[in-house]
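> Top to bottom, those sequences are chains X and S. For what it's worth, the working numbering labels the leading residue of the first sequence as 1460, then goes sequentially. For what it's worth, the working numbering labels the leading residue of the second sequence as 1460, then goes sequentially.
It cannot be assumed that every hint is accurate.
Counterexamples of contact, computed for chain X against chain S with all Cβ distances above 12 Å [to be verified]:
{"#": "1", "residue": "H1539"}
{"#": "2", "residue": "T1635"}
{"#": "3", "residue": "R1709"}
{"#": "4", "residue": "R1729"}
{"#": "5", "residue": "A1748"}
{"#": "6", "residue": "G1771"}
{"#": "7", "residue": "E1818"}
Covered by chain S, according to a simulated footprint, are these stretches of chain X (three or more residues, beta-carbon under 8 Å) [claimed, not checked]:
{"#": "8", "stretch": "1492-1502"}
{"#": "9", "stretch": "1518-1532"}
{"#": "10", "stretch": "1557-1565"}
{"#": "11", "stretch": "1665-1679"}
{"#": "12", "stretch": "1683-1689"}
{"#": "13", "stretch": "1713-1721"}
What the hints contain is simulated information worked out from the structure, not anything from laboratory work. Quick reminder that beta carbons are idealized off the backbone N, C-alpha and C, glycines included.
Number of protein chains: 2
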Amino acid sequence: MTGFRLTPLAASLPSTVPFVGPETQERQNGRPFRARLGANESVFGPSPKAIAAMEAAARDIWKYGDSSSHDLRHALAEAHGVAPENVLVGEGIDGILGNLVRLTVTTGDHVVTSDGAYPTFNYHVAGFGGTLHKVPYVNDHEDPESLFAKAAELGAKLVYLANPDNPMGTWHAGDTLKRMIDAHLPEGCLLVLDEAYIEFAPEGTAPDIDPNDTRVIRTRTFSKIHGMAGARVGYAIGAPELIQAFDKVRNHFGMNRAAQDGALAALMDRDYVAETREKVAHARGRIAAIAQAHGLSALPSATNFVAVDMGGDGALAQRFLKELNARGVFIRMPGVAPLNRCVRISCGRDEDLDVLEAEFGPSLAAARQS
Amino acid sequence: MTGFRLTPLAASLPSTVPFVGPETQERQNGRPFRARLGANESVFGPSPKAIAAMEAAARDIWKYGDSSSHDLRHALAEAHGVAPENVLVGEGIDGILGNLVRLTVTTGDHVVTSDGAYPTFNYHVAGFGGTLHKVPYVNDHEDPESLFAKAAELGAKLVYLANPDNPMGTWHAGDTLKRMIDAHLPEGCLLVLDEAYIEFAPEGTAPDIDPNDTRVIRTRTFSKIHGMAGARVGYAIGAPELIQAFDKVRNHFGMNRAAQDGALAALMDRDYVAETREKVAHARGRIAAIAQAHGLSALPSATNFVAVDMGGDGALAQRFLKELNARGVFIRMPGVAPLNRCVRISCGRDEDLDVLEAEFGPSLAAARQS
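Build out the structure end to end from the sequences listed, making use of the hints.
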């Protein structure tokens, strides 16, 4: 008998890792990547004001962070025109999703998502004993109609929808989504509307939803347009009674203090956000052009990455990814068919895309030959 | 009907906060504290090398942290003479305790701790549906004998023991603990040995336990002697099969990247650790002297705080704490009798203790009068 006994649920879970990190791959490869374009990080970095705020906070790191993230929460509320009671700050969207699933899902509960959508959400659902149901993408878009229909059929507790979508980069207009929600989101089912990439999307992509609507929780992050993935700051907007429920389970002193300061500075630097948005739009165009130069097409994207259709099956895309990886370019790809005919390339600086451009052709040739 | 439905367990939990943070109190008071001596933070700050590492990491915060905390984990393994497979890095001890309870405790499971010991552990046990049992302190010490006896009686999954103890600062010799574990820790019960303060304790306080022993998991932190509470870096040492089980549930990309770098630099700066240990010893002596000057006695402490016996009941200590708070000194106190005859004062710099010294007498007089 061992000294510890796992719960039956924990014992049944695999010790898997949702994603292998680039550092792990670099250790395996024996050298660093020349271009880091796989995790939808913002290679353009955080605002200089956020950097300065984090540097300044380093010597005060002996203090625990503010357990209520008061200043950041209030600033976010103001920026979004909602009340502070509508805003939850947490350790990245990943951390928030974990607590959200914990609050709502237990063994026997049903959850609906799209087949190929965010694996970390699925990881949390499995981790709390939920039963996950997947509906297919339609034309490379997550499909609210079938998501909500499946949720209604099952009496699901949660339905997950990312808009814009990851890993395909596609999106729905806010008005369309709003109509779908009003017409088809079943009662008692919470829509987890993941808007991690919303700042890259065209005006009107975010649906106009009453922040006090108890049927929807939106998740946002400082990991993408704000360039602070390593800081671990995400937030959610939702009805006060749902936001407050997180106080039942969250790690109250879990926020890094310097990250709180950095996020506040990043939020205030609107010019830098606009600059990053432009750089990302430029990079999307360049990635599409690189694909096109090789006779391939890129999907339209409202995010900081581009899905490139490799024009074959998942095995071809997988080989291409490995070839590119071996040549020093870190990218990732969707996990399931038919999405996995594509690879997913994060936007980078021109110097990153120069490496991509140089290695794209040789990698493609090698992938096609093997 | 609301749009979300909590699990029965979540619905039953209170939206409480284990501790009110000092920033919240400062906002309530309308002014900052003059001395921050309530959260057992290290007012002496982190190593200059850790500060430099975190400053240098700020501009790279666009990258997610290494999901395996490889470098830090390996350095910790070397420092402790164990294998990397024995080491888990996590978001502070609080985060690690949450995941540990999640892995081992579900509704109907029993857990044993001491009445007055770390509230955040209790919060996690309640949060995962465990039934918590408390045994009394004996002479202001946690009592391994009664803890283990109660665990045996109940078939408990976990038993929690902090050595040195928080909030009293008392400790057991490692040999004593080792004997107790070997003789009395029941089979199938995991000992959570919280050693957050071990670096402040006399040589020989850490029991000599085989790191592969599946009956014990030890938790350590960069929040105390390393002065990095706001960074959120804790670690655990335990049997590989238990450490690996955390991969089933942990937030794989949950670590702040700058914090990983800072912790590694802090770990390497042994001189700074030794300096802090001396400053803390000096401060403990001064806090005891301040108490003594007012006819009160301080408990011996192997930590970075001192429990001062206010010589009355919990109500007196509570009044004293409030008076001190109103005069700009943040301290905390134990939550239950008979421990709550004491207040808990964290070690500070001389300038912090000057404020404490000046306000101690007036606060005591006011507390005794009201």
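> Grab the minimum beta-carbon distance between R1709(X) and chain S and tell me whether it stays above 12 Å.
9 Å, violated
> For G1771(X), is the shortest CB-to-CB distance to chain S above 12 Å, so the non-interface label stands?
30 Å, holds
> Taking a Cβ-to-Cβ distance below 8 Å as contact, does the stretch 1713-1721 of chain X have at least three residues touching chain S?
holds (count 7)
> Are 3 or more residues of the stretch 1492-1502 of chain X near chain S, judged by a Cβ distance of less than 8 Å?
It holds, with 5 qualifying residues against the three required.
> Go check the stretch 1557-1565 of chain X versus chain S for me, would you? Three or more residues, Cβ under 8 Å, otherwise it fails.
holds (count 6)
> Counting residues of the stretch 1665-1679 of chain X that have a beta-carbon nearer than 8 Å to any beta-carbon of chain S, does the count reach 3?
Result for this restraint: holds, n = 5.
> Closest CB-CB distance from E1818(X) to chain S, is it above 12 Å?
Answer for E1818(X): holds, closest chain S Cβ roughly 21 Å.
> Is it the case that R1729(X) keeps its Cβ farther than 12 Å from each residue Cβ in chain S?
18 Å, holds
> Can the stretch 1683-1689 of chain X be counted as covered by chain S under the rule of three residues or more with Cβ-Cβ separation shorter than 8 Å?
That given contact holds, which follows from 4 residues of the stretch 1683-1689 of chain X lying within Cβ reach (below 8 Å) of chain S.
> Was T1635(X) rightly flagged as not at the interface, with every chain S Cβ beyond 12 Å?
20 Å, holds
> If we take the beta carbon of H1539(X), is the closest beta carbon in chain S still more than 12 Å away?
Consistent with the label, H1539(X) stays out of reach of chain S, its closest Cβ about 19 Å off (over 12 Å).
> Just double-check A1748(X) for me: nearest Cβ-Cβ distance to chain S has to come out over 12 Å.
Holds, since 24 Å exceeds 12 Å.
Going through the hint list in order, the structure does not satisfy hint 3, though it satisfies all others.
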